[in-house]
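Number of protein chains: 2
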Amino acid sequence: MMEFFKVVEAEKVLKIIAEFDPLGTEEICRDFACGRILSCQINSPENLPHFPRSTMDGYAVRSQDTYGASEGLPLMLNVTGRVSMGTPCTIEVKPGEAIAITTGGMLPKGADAVIMEEYCHLLDEETIEITRSVTPWENVLRPGEDVKKGCAIFPRGHLVRFQDVGLMAALGIESIEVFRKPRIAIISTGDEIVPSGTRKIPQGKVRDVNGPSIYSRLISLGYPIERFGIVPDDERRLLELCKEALFKDPPSDVLLLSGGSSIGMRDFTVKVISKLPDSNLVFHGIAIKPGKPTIFATSGKKAIWGLPGHPVSSMIVMLFFVEPFLHILEGLKQEEKFRRTIRAELRVNLPSVHGRLDFIRVKLHRDEKGGLFAEPVYGKSAMISTMTEADGLVIIPTHSEGFEQGTEVDVLPFHLNP
Amino acid sequence: MMEFFKVVEAEKVLKIIAEFDPLGTEEICRDFACGRILSCQINSPENLPHFPRSTMDGYAVRSQDTYGASEGLPLMLNVTGRVSMGTPCTIEVKPGEAIAITTGGMLPKGADAVIMEEYCHLLDEETIEITRSVTPWENVLRPGEDVKKGCAIFPRGHLVRFQDVGLMAALGIESIEVFRKPRIAIISTGDEIVPSGTRKIPQGKVRDVNGPSIYSRLISLGYPIERFGIVPDDERRLLELCKEALFKDPPSDVLLLSGGSSIGMRDFTVKVISKLPDSNLVFHGIAIKPGKPTIFATSGKKAIWGLPGHPVSSMIVMLFFVEPFLHILEGLKQEEKFRRTIRAELRVNLPSVHGRLDFIRVKLHRDEKGGLFAEPVYGKSAMISTMTEADGLVIIPTHSEGFEQGTEVDVLPFHLNP
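If you read the protein sequences in the order shown, they are chains U and C. Just so you know, we're using this note's numbering here: the first sequence kicks off at 1 and counts up by one. Just so you know, we're using this note's numbering here: the second sequence kicks off at 1001 and counts up by one.
For the record, the hints were derived by calculation from the structure and aren't laboratory data. Treat the hints with care, since some could be wrong.
Restraint ranges, calculated between C-beta atoms of paired labels, are given here [said to hold, decoys possible]:
#, chain 1, residue 1, chain 2, residue 2, range
1, U, V7, C, G1379, 24 to 34 Å
2, C, E1404, U, F20, 20 to 30 Å
3, U, F20, C, R1142, 34 to 44 Å
4, U, K363, C, K1292, 32 to 42 Å
5, C, K1015, U, E118, 26 to 36 Å
6, C, D1367, U, P397, 19 to 29 Å
7, U, D410, C, E1401, 23 to 33 Å
8, C, V1282, U, M76, 50 to 60 Å
9, U, E118, C, D1410, 30 to 40 Å
Straight-line distance between alpha carbons at most 25 Å, and here's what the computed BS3-like set of lysine-lysine pairs gives [unchecked claim]:
#, chain 1, residue 1, chain 2, residue 2
10, C, K1369, U, K363
11, C, K1012, C, K1369
12, C, K1109, U, K205
13, C, K1292, C, K1248
14, U, K363, U, K15
15, U, K363, C, K1109
16, C, K1380, U, K149
17, C, K1289, C, K1243
18, C, K1248, U, K369
19, U, K380, C, K1012
20, C, K1109, U, K15
21, U, K363, U, K289
All of these numbers come straight from a predicted model, not from anything done at the bench. Ideal Cβ placement from N, Cα and C applies to all residues, glycine included.
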């Protein structure tokens, strides 16, 4: 299968991963559905509300009895009772009558509107004076006005948010079918890598950075994930471990190999991948900086990402390619539709090379006037501190030669908070 | 304690909650730190890297031996060996010599730079021709160049991201001190509320919406949370349950009471809160729409939010006041610094009332040219479907009279995805 070095453009990578199908589905409890993707359209099993409900504190009335009422010419109505919350009212509103009601109360028979408390003056215990009129169904939600029984409330592929959980609760929907999240396995490779828990590290060795950082990110995003530790550059052992990670119980859907980014190491990773069952090297290199030496392959229906060994490159590839890929496996479509960014002004020129997409690490600052500006983080590209000091990334597209000083750019911020 | 109806402006609420101190601290494993806030500054215990490391594949050389080399006038060097990954090189680079090295390898003694492979041509097994010169320390990270031993790498109050976990792993930092997350209790109140699992609901009753939606949101954000079910409008029982939620083992830091939004109900909630030990009603009403009937009180060091019973109001108050408050308790500062929004054009006028902050539910659409525009979701304010159909909110500030058609507004999107 060994193929020639196939470098593809970033935009092409996004197209390739968009072709993948979601994994299987599972039924989950509604209350744990935030952030999950529906695998079926949901139709409303009921009308919401299922009875006419007041949306205000005030008096249930017949709207026609209020016509003509004004500040200057108030009308009088007889108060015949009060609606208790949670129970149907036994009395009916007859012409010239009103019944006190609070927000959420069930409209009594005969009434077709609620007049707000602030337009009513209690003259005595049984009489109110109203200073404005109401139209039919004013301050009332009629049965099915919020949601009609049988209507589609959420399409297949919908990302569930907490308000959606609320609507499902209102309708008594207790469990839902969603796409399952991919199971992920991580293996760090390299003769020079020692576990990050190593206190005193031998000369020439370095602690595993990619294993912990990728793990912490994916765990915080709720993925089921298993770590397979560190393997030295030993073809047989790496191949065995890849097979174990992908096929042993529980099998993984996606294998992330964090390997060396040197040319020899890449060949080695490609060789191991080529020996996996039904393997296909999809691409071998992305036209980006940093992050070029990235490998993507499949083994049957499973996916393998060979991430650059360089921590900075590996982090950026995770954010911009691996995570969108995981989202596609869990059923999310069009995730780029409304990407949240922060607009900031560039204070320097950002030159780039045509034919390569550049990720520029930037810090955000506020100027005296409260405007935001983005400043590139200086330092050698291999320094992890350039990532930790940055607030986000500016992307220079593949077919751009960069941005000029003064341009307003979109910054993709690192922090996950809403 | 019963105080007069105290309505405060939204901006004032944000100032009030910003005055709260973070809760205690706890030590956690680094790999679970994404999204947590550091309670102590972290200093680097080591130099990173701790040996001179190559950042490229190529040859370790003495930079002075390369001066003058060019395409037209290449220089020759003797290759005396190869650096193995993960072990120190035993040979030294002497004048006129070069040693093969891969990315991440330890620079051999005598060398002070690495010349990239692409500028080297192998003439025979022991000789290379180089076509450019390198400056001292080119393509090398010197010890401590990424991070110096003893330097501050993260300040107190820093929100940990996955790259920060990576840097800590590189430095062998295995556990860190963070602010603990507030423990939250939820109680739904109301005679009309039945559990959302109720199949057939009696006339006049409605299923609990706020309990499940708030729970699902806070669980997805990783808060430890306990549900105390539904209490009818019974002062004694509600007071008992509030005390249990706040003080019994494990005690909660924050109590969320989702109550009725009717005037009577608010009085009832205020009365119960006033009977809690060391209680203080901080405000009673926020000048916002929707969400006005919101109560905030303290009981000693604990906080109580009385959320509006209206699901839409309750959701908005959660997003804009309760969650920022929780973030402050867990040590996050300046969360508004770089709020991520989506810019969109308004296609209609959005009038508002001076003196009140308005949250407008909007849907985002793309026009033919790819531009984004925001369209208000129409429908009565009490309809939950206005929230589920919206993509986000546009905020009209307290002292604004609205936005005109054509204005570019910031939309705060609901989805949490990065």
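Okay, the hints, checked on the actual structure:
1. V7(U) <-> G1379(C): 24 to 34 Å: violated, 51 Å
2. E1404(C) <-> F20(U): 20 to 30 Å: 44 Å Cβ-Cβ, so the 20 to 30 Å window is violated.
3. F20(U) <-> R1142(C): 34 to 44 Å: With Cβ atoms ~43 Å apart, the hint holds.
4. K363(U) <-> K1292(C): 32 to 42 Å: holds, 40 Å
5. K1015(C) <-> E118(U): 26 to 36 Å: Between K1015(C) and E118(U), where Cβ atoms are some 30 Å apart, the hint holds.
6. D1367(C) <-> P397(U): 19 to 29 Å: holds, 22 Å
7. D410(U) <-> E1401(C): 23 to 33 Å: Once the Cβ atoms are compared, 30 Å apart, the range 23 to 33 Å for E1401(C) and D410(U) holds.
8. V1282(C) <-> M76(U): 50 to 60 Å: The hint (50 to 60 Å, Cβ to Cβ) is violated, given that V1282(C) and M76(U) are roughly 41 Å apart.
9. E118(U) <-> D1410(C): 30 to 40 Å: At roughly 33 Å between Cβ atoms, D1410(C) and E118(U) fall inside 30 to 40 Å, so the hint holds.
10. K1369(C) <-> K363(U): The given pair, whose Cα atoms are some 31 Å apart, is violated under the 25 Å limit.
11. K1012(C) <-> K1369(C): At roughly 41 Å apart (the allowed maximum being 25 Å), K1369(C) and K1012(C) break the hint.
12. K1109(C) <-> K205(U): Given that 25 Å is the threshold and the Cα spacing comes to 16 Å, the pair holds.
13. K1292(C) <-> K1248(C): Not OK: K1292(C) and K1248(C) at ~31 Å, beyond 25 Å, violated.
14. K363(U) <-> K15(U): Since the Cα atoms of K363(U) and K15(U) sit roughly 30 Å apart, the hinted pair is violated (cutoff 25 Å).
15. K363(U) <-> K1109(C): violated, 36 Å
16. K1380(C) <-> K149(U): holds, 18 Å
17. K1289(C) <-> K1243(C): violated, 31 Å
18. K1248(C) <-> K369(U): violated, 50 Å
19. K380(U) <-> K1012(C): Violated, because 45 Å separates the two Cα atoms, which is more than 25 Å.
20. K1109(C) <-> K15(U): Outside the cut-off at roughly 47 Å; violated.
21. K363(U) <-> K289(U): Satisfied, since the Cα-Cα distance of roughly 18 Å is no more than 25 Å.
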